[in-house]
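From first to last, the protein sequence lines are chains C, W, D and A.
Quick note, in the working numbering, the first sequence goes up one by one and the last residue is 505.
Quick note, in the working numbering, the second sequence goes up one by one and the last residue is 505.
Quick note, in the working numbering, the third sequence goes up one by one and the last residue is 505.
Quick note, in the working numbering, the fourth sequence goes up one by one and the last residue is 505.
There's no promise every hint is true.
Note that identical chains are pooled: a pair holds if it fits in a single copy or bridges any two copies.
Taking lysine-lysine pairs in the DSBU-like style, the calculated list, with each CA pair at most 35 Å apart, reads [said to hold, decoys possible]:
| # | residue 1 | residue 2 |
| --- | --- | --- |
| 1 | 177 | 272 |
| 2 | 469 | 352 |
| 3 | 272 | 414 |
| 4 | 63 | 375 |
| 5 | 177 | 161 |
Rather than coming from a laboratory, the hints here were simulated on the basis of the structure.
Residue-level listing of the chains:
There are 4 protein chains.
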Amino acid sequence: MNSIHDQCGIFAVVGHPRAAEMCYYGLYALQHRGQESAGIALGQGPKIKSKKGIGLVSDVFTGEDLRRMPGNRAIGHVRYAVDEEITIENAQPITVKMWRGWLSVANNGSLVNAHELRDLLEQGGSIFQTTSDSEVVAHLMARSKAPDTASALEEALGQIKGAYSLGILTPQGAVAARDPHGCRPLCIGQIDGAYVISSETCGLDAVGAQVIREVSPGEIVSITMDGPSLKTGHSVEALASGTARRVSGPCRLQTKQVMEPLRQSLCVFEFIYFARPDSDISGLNVHAVRKALGRKLARKGPVEADLVTGVPDSSLSAAAGFAEEAGLPYEMGLVKNRYIGRTFIAPEQALRELAVRIKLNPLRSLIEGKRVVLVDDSIVRGTTSRHIIGLLRSAGAKEVHVRISSPPYRFPCYYGIDTPSACELPAATLDVEAIRERIGADSLVYLDLQDLKDIVGARVPGFCSSCFDGDYPVDVSGMGNADGRCGCR
Amino acid sequence: MNSIHDQCGIFAVVGHPRAAEMCYYGLYALQHRGQESAGIALGQGPKIKSKKGIGLVSDVFTGEDLRRMPGNRAIGHVRYAVDEEITIENAQPITVKMWRGWLSVANNGSLVNAHELRDLLEQGGSIFQTTSDSEVVAHLMARSKAPDTASALEEALGQIKGAYSLGILTPQGAVAARDPHGCRPLCIGQIDGAYVISSETCGLDAVGAQVIREVSPGEIVSITMDGPSLKTGHSVEALASGTARRVSGPCRLQTKQVMEPLRQSLCVFEFIYFARPDSDISGLNVHAVRKALGRKLARKGPVEADLVTGVPDSSLSAAAGFAEEAGLPYEMGLVKNRYIGRTFIAPEQALRELAVRIKLNPLRSLIEGKRVVLVDDSIVRGTTSRHIIGLLRSAGAKEVHVRISSPPYRFPCYYGIDTPSACELPAATLDVEAIRERIGADSLVYLDLQDLKDIVGARVPGFCSSCFDGDYPVDVSGMGNADGRCGCR
Amino acid sequence: MNSIHDQCGIFAVVGHPRAAEMCYYGLYALQHRGQESAGIALGQGPKIKSKKGIGLVSDVFTGEDLRRMPGNRAIGHVRYAVDEEITIENAQPITVKMWRGWLSVANNGSLVNAHELRDLLEQGGSIFQTTSDSEVVAHLMARSKAPDTASALEEALGQIKGAYSLGILTPQGAVAARDPHGCRPLCIGQIDGAYVISSETCGLDAVGAQVIREVSPGEIVSITMDGPSLKTGHSVEALASGTARRVSGPCRLQTKQVMEPLRQSLCVFEFIYFARPDSDISGLNVHAVRKALGRKLARKGPVEADLVTGVPDSSLSAAAGFAEEAGLPYEMGLVKNRYIGRTFIAPEQALRELAVRIKLNPLRSLIEGKRVVLVDDSIVRGTTSRHIIGLLRSAGAKEVHVRISSPPYRFPCYYGIDTPSACELPAATLDVEAIRERIGADSLVYLDLQDLKDIVGARVPGFCSSCFDGDYPVDVSGMGNADGRCGCR
Amino acid sequence: MNSIHDQCGIFAVVGHPRAAEMCYYGLYALQHRGQESAGIALGQGPKIKSKKGIGLVSDVFTGEDLRRMPGNRAIGHVRYAVDEEITIENAQPITVKMWRGWLSVANNGSLVNAHELRDLLEQGGSIFQTTSDSEVVAHLMARSKAPDTASALEEALGQIKGAYSLGILTPQGAVAARDPHGCRPLCIGQIDGAYVISSETCGLDAVGAQVIREVSPGEIVSITMDGPSLKTGHSVEALASGTARRVSGPCRLQTKQVMEPLRQSLCVFEFIYFARPDSDISGLNVHAVRKALGRKLARKGPVEADLVTGVPDSSLSAAAGFAEEAGLPYEMGLVKNRYIGRTFIAPEQALRELAVRIKLNPLRSLIEGKRVVLVDDSIVRGTTSRHIIGLLRSAGAKEVHVRISSPPYRFPCYYGIDTPSACELPAATLDVEAIRERIGADSLVYLDLQDLKDIVGARVPGFCSSCFDGDYPVDVSGMGNADGRCGCR
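All chains, full assembly: derive it from the sequences and hints.
If you want it as structure tokens, here you go:
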């Protein structure tokens, strides 16, 4: 229902005899980060075998696929397509053969100097087969003369700018890296001697791995396997009998801080909306943060009301926090249809007005005649808010008080989040009262940026709030309408 | 996650120019009642055209299908397969041609004398092409000499016994009926002069229809359209321009109490687990009932604890009620993966232990070191409860107190609910303390049957609680192990 | 390319441990008789399990399907849909449960009194779920009081009129029957003690079965298995080891001439066009007959020419015969694209003129400047002939002499062949010279009906030539436009 | 049935408003050249949009795909996968973005120095995402400093060695090139001012294009469109109304002989087996050549016999030629099942012996007691020949005399044809008598290489017969077992 979208989730396993299957389950847990394509690349000896497709993890992979993918290192990716058509070519990971051998690159984020680098690389004779930033990274690593993949990645990182959390499958294992601002999350876990890399901790939980720590901004982490285990995939029989697991041998994890951490800029929307509530980021549980935001919001925007409801699923935690703090009943005012996916056929013309109602149904008997506090995580375009408020009123709500667990969304994102341009963001030009009027609420209260900082800032060394304040941590001056003014035609 | 399953949802529209499309959206709202097959039958003039398939509504129907289905009366069905293989033959509605013309029959429920009637009909020369009870009803109507479909249905109902909520598309419109015990819900709504029949009110909401009332136990409701509108489907152009809608003309609703209502026996599990929280049954909102059950449970089984959590999605309302009444924080202790469906590939051998974890992830940071109240709607086999308690303990829960918002589940259902046999129900033989031990809880409290009656009974004239007390409203003595003793081999 | 179509192929196996797999291969060989749906019903103990689908045998069945179908009696069907939409409901075989147990009925042919029987059965309380004649036969058998299935079929045959070759899977094995006119072919073979029923001998060849004989007109053949083999399907392991085959035990074949054979009326188009050239009918090889027709045609319509060519694939045998008799070179003047099937996307508007050319390409270098004899099996509507002659002329043919290896096609078929109505058949109203002009040939010669009789008649006791002479062996007076005059609106 | 396979077919259209649709039909005609993947790349303004997939053209493209592909330049490819798994990554054409803009490369053939070039390019920092030779060509063009694509291709061709027929979609139109030996066919046609490039003339016929000429060995042909037509795709409405076609404007065809033609080495198997009989190569019709080979064979290996038969479809022309020359009847001794494709489920174990029979059925009534001449185009492994002879004998053939319309196949191909290694070729070590014995024929006669030269050589300046005589026109010494000795492990 939200009109902003994250870009991707990445997941890698090194040193586990069922690496591809582990990736499959890890990607299931990260599916909320991207639903448009999915892929898994599996190392088999020196080569890499890959399966990618359009759709959910469940659409792309069959049991037969997993059975055909024995091997002890693998990387997977789920993707939300930003500004291109949904094409299989841009599905990640991007698997390439270069003088270093076979590599497979997966990225969550967006390079601000991708166009510039592509031009330079093309001038140097490179060819591109996708529009993915991961392909740019692969080219830079291929051009590097550094002797090992970690050093080559270090050289590549020296050239790229923007938000990125990278995972790369290599002949020796895998490497992972985060941009020096730490814009996107990336963490490391361990299970049975194998290492796991995941965009969120919920991915580690899904495969039973213990969280070790996050990859630091500006850090490269290398995971290497011992020689013998690289040679062949393990037979299913060996895996079942447990003998295979021993073969995988110990993995080594090495790390290097390759870039001075810059102003820390973890995307604050990970806490507000993107991440799964059961993930921890910088040691903070996402659900707990959202609940705290809701509590704060209750103190900031108290209101006489009969009940509190959230918009499922993203603002339920904040709504519960609001209700507890306000001493109001927390109710399920809106029920979300769990079966609506890509293949849902939106109503045509005559039945158009049903579109929102089918997805979200207000509980009339609960709402009728009541003063309702509607807690939501953000207002981007404002159209969804207007629709939901309309639903509540049609279900008999006497008053609808909207409380938003983040500040007004005023600036587009340039770091891999798909946002409308500034001219479509009401908060770019309107004040809170005007927005309230537009969405049809009886009252509207946002959190302040300082509120967010108070709650998240204690543990997170710094976060990117450019969508709220226009303060972009990475220079975006070369990017069209990057001054935040409308670039629409 | 639950090991009991409802059987079906039915949805019909008469007098609306986009009847099939309306059914599509109605079935989306009823999808929780059956995920194994879906079908829509559309009246076109005297004939009926049908599309059925295995899978979710979204799997079975394409936009092309809907475009090819213009017509002003339609009936749809979603099905949970009980004791047969999932085959397309048994998908409903069952469309037949008889001397009365074309009819299409959809049912939610289960006849206790189906075998007997099949034998009789076969002796009389009938042939069966499915194992569906709807085919039995069709045969009985074909054998009836009554002049109109409603009377024929009346005669048929005189012969069948069991739980049923029937919808039948006829040449004149549709008829609906409920068994005299009122075991399964069925309601009627209206929109733009068209009538809508739905298993639950959430289906009416989905298409914007106003709830009129429920079909009464023992009642047959007939909806007939005026002659002209029956002749042809409307063109897409006419629909878009709005001219078609006028053509449909007024529908008439007629009703007849054909059987004396017997002991009222609405399946209490509709309130506890089956129905969507936004549905109303007998004027009671399902979420509100569940919340009240949770409140009652808090009074009945108070406990010193740090937080309350539910098992998503079915026990969230009860958990919220418990927390409010107990004055404890209501937390999202378990996060459910929203993307796991039919095509999920369950882990093999080596990774088997991941199966529950992938579906449900405990929030470690929330749970660690805490005394947790886990509210669930029921314990059937007990295996899921044991797994979930294990998850909470592995996430560091200091204590896990289980509170069940229904009485111990002790007897199998014979009215269309897929339940384990008695020998697999721990409550059939164990007392509460023994069950507590088996599932590994620190304490375990159930509601009493009287508690349910107190909360639901005010509005619901009577309900079936045979799964709790073995008091079967319809005689099941002819049905194998119907004495509640184990019939397993 | 031809505008007449046969209706079906049937194939059954009794007493072989891999009966369903045998059916699969048999249906592959009969695929030319119907490409719109395919189905296999397999007996497993007293029950019958069935898989049907729209499309070719290769579209409908997967290896998984076959693996899931162990059992020693099965029946299959391929279907060309005559006058209804292609729907899964009408796919055969039709599997029913009646007081006799489970039966599965497959038919090739068409009943002339189907409507009348349906009305009667409906009046008697029967319901229909398909528009297939096989369902009518099932109903009649269910209504019969005869003690065994063969006798019940005998009673049923006493009521039906028309062209039919029936195969029925029964609890004891299978029965087969042909109408007393012998309109459609049906033969019996044997392999390893198992019996096989097939529409054509090429089906027997495909599974390595020996041809025993044809089912006689008016005869019912019963194949029964001994008790033990009925009990269970065989395990794949048992099959592989060869132990299973022994279990199947001996089958008994019993026969009864239940109706006096009437005027023998085998559809002559089986020889001319429908049957596969490698099939034998009445002991005559189809290819050999076609070649003899070509020879006769060469004597009847000699012409000065440079080469002879046929229209692939149906008239290649006749063309070869013509060439040999005329002493002219037999050339591949037209090449057929082997990859065009159901999913071929016919060109729209601007490219419409390519439609024929893509399917059939003339060999310019062969044809240019040449006088060509084009041998075809029949002219139905005449449009295809006109197109092909146009193709040859555009490839530079100096003259195109058309020779047709059958008489002028003047009357529609009422026995299960999909033909245009009389008003679309040029030969219904035009003489040969006028047809020649319409299709644009330099000369046109048909065979006479007597020529067919001379060649086929020696072995075939009688055949139906109603499409040539309007002499319908079964009374069709009740069937709308059955007098051969145009019934078009 | 044959165990050698060609690699690909290419088809391109420049200057036609329905370029992608034209490609679709062209690829249908070239489908026999590769059935494992298909792709079409369409130029839309400066960009290229592509759809590729595993399977036949009919599997990969839907009507919706074609409707979404308006544009006036396109290139398509059908592929037979040689030595890799069938993966979507290696499907062609390969579409890349380089400093020259967007290009799409399709190739039929095989480079002998591909590995060497890949190593060199990787050393220079290139990355590879496929194992296709087309990607190598794209890299070389990207590295070239030449100002235009034709010159860049010229530079690239200076570096590659082997057999190739290339088509490349460029921002200006398309370029085509053949290796200086002319190993693989490639021809140019014209329709309505648009140019068409096709592997065979049957592709030109399919879209109604006039054959202009073949691309010469060592020649690059450039087709450029005028500026305006490059800007946008045409609307479907404009196309239908005929206005769009005018917009496309005139195309210019320019040509440059960039390499001295070397020893002419057209693959002789194009005449013997690969090409469609209705194609012309070097002005010779393929069917006519095959028929002449058959005549020659009749003179070389006369035999007392009753009939001549070919193996469908590839040797039918040769068999017809043999029969005419020998004065023996040409018969359809074997009927091929037309419905067996990729999804055919080969029989398991117990039914294994059916595998050949299902595909190919002997006409017993024709063959029984007869002395049969079996004409085939080649013997590669010999297993198929042995099976077919067995089929004929089991159908009662008294004698089977095998006549092969080519010389003994003794050496593997290194130019893109998938052949067994030498140790699997009986003719590599056995003399004709020993081969005869192995396949079980009564007599066996091959053509001599000189016979081929006599028939084909008059018009074809030279052809590659390395599979017969080991005389490889392009040096293959660097390629493993290229000395013709067995390289098997």
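Hint by hint, here is what the structure shows:
1. 177 - 272: within (19 Å within a copy, 45 Å between copies)
2. 469 - 352: both (31 Å within a copy, 29 Å between copies)
3. 272 - 414: neither (59 Å within a copy, 39 Å between copies)
4. 63 - 375: between (45 Å within a copy, 33 Å between copies)
5. 177 - 161: both (20 Å within a copy, 29 Å between copies)
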